[in-house]
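Asker: Spelled out from the first residue to the last, the chains are:
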Amino acid sequence: EDQVTQSPEALRLQEGESSSLNCSYTVSGLRGLFWYRQDPGKGPEFLFTLYSAGEEKEKERLKATLTKKESFLHITAPKPEDSATYLCAVQATLGNNRLAFGKGNQVVVIP
Amino acid sequence: DAGVTQSPTHLIKTRGQQVTLRCSPKSGHDTVSWYQQALGQGPQFIFQYYEEEERQRGNFPDRFSGHQFPNYSSELNVNALLLGDSALYLCASSLAAGGATEAFFGQGTRLTVV
Numbered sequence: 001e002d003q004v005t006q007s008p009e010a011l012r013l014q015e016g017e018s019s020s021l022n023c024s025y026t027v028s029g030l031r032g033l034f035w036y037r038q039d040p041g042k043g044p045e046f047l048f049t050l051y052s053a054g055e056e057k058e059k060e061r062l063k064a065t066l067t068k069k070e071s072f073l074h075i076t077a078p079k080p081e082d083s084a085t086y087l088c089a090v091q092a093t094l095g096n097n098r099l100a101f102g103k104g105n106q107v108v109v110i111p
Numbered sequence: 001d002a003g004v005t006q007s008p009t010h011l012i013k014t015r016g017q018q019v020t021l022r023c024s025p026k027s028g029h030d031t032v033s034w035y036q037q038a039l040g041q042g043p044q045f046i047f048q049y050y051e052e053e054e055r056q057r058g059n060f061p062d063r064f065s066g067h068q069f070p071n072y073s074s075e076l077n078v079n080a081l082l083l084g085d086s087a088l089y090l091c092a093s094s095l096a097a098g099g100a101t102e103a104f105f106g107q108g109t110r111l112t113v114v
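Respectively, the protein sequence lines represent chains A and X. Residue 7 in the numbering used here sits at position 7 of the first sequence, with consecutive numbering throughout. Residue 78 in the numbering used here sits at position 78 of the second sequence, with consecutive numbering throughout.
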């Protein structure tokens, strides 16, 4: 069974204080790893797809990286508007596009 | 492009009742998946529809059923509601392509069972 574990569960950052979120995963064969951002009461918003170890993707203050066992979401010089829950999900090669999610990293950026 | 739209946004039902939630996928997408998200948890896969058939199912009882229409829109039905069914129900649409394909989510339907 595909498993995704995210740490830390919750993180409070001062504005401008960079940090990293961890997503460790177990999957029979990785088709893709996805990062989403979710605001309270809203649906997840797509951020990145990573396909293979060594791959990196960036968007504004966010950078996602992937190894064979885990992914990191680096937040550089965060702003209060980066406060959200960040969800990591994996898609297995035999999974027919279903996503297995972790519980999320809840990030609060304090001005 | 309106993206993925879900209705209603909020719903309150009584234990034992039945509920139907609706989803219109993103333009050009042919696959619809449904997820249940309890408070403080990640979304859990319920099932997926493609070509009007259920392709895959997660660990949910038969009280949860669905349907996909020829225009790719979808419904999620839950019978005999339990208090534990209270959650945010998310619809995601994607393309049934061979590689990893991004799923785009709607804003969700908040179901409260009392």
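The reader is advised that the hints may include incorrect statements.
What the simulated footprint calls covered on chain A by chain X, stretch by stretch (three residues with Cβ under 8 Å from a Cβ of chain X suffice, anywhere in the stretch; the number is not a length) [unchecked claim]: (1) 44 to 56; (2) 66 to 80.
Ranges of calculated distance between the beta carbons of each label pair, as one might list FRET restraints [what the hints assert, rightly or not]: (3) A:Ser83 to X:Ala38: 19 to 25 Å; (4) X:Thr9 to A:Pro80: 22 to 28 Å; (5) A:Ser18 to X:Pro61: 31 to 37 Å.
Think of the hints as simulated: they come from the structure by calculation, not from any bench. Every residue, glycine too, gets a C-beta built ideally from N, C-alpha and C.
Asker: Now, for every hint given, state plainly whether the structure supports it.
Answerer: Hint by hint, here is what the structure shows:
Given a C-beta distance limit of less than 8 Å, the hint that chain X covers the segment 44 to 56 of chain A holds, as 5 residues qualify and 3 suffice. For a cut-off of 8 Å, the count of residues in the segment 66 to 80 of chain A with a CB near a CB of chain X stands at 0, and the three-residue condition is violated. Between A:Ser83 and X:Ala38 the beta carbon distance is about 21 Å. The supplied range of 19 to 25 Å therefore holds. Checked against the given bound of 22 to 28 Å, the beta carbons of X:Thr9 and A:Pro80, roughly 26 Å apart, stay inside it.
A C-beta distance of roughly 45 Å is found between A:Ser18 and X:Pro61, which places it outside the suggested range of 31 to 37 Å.
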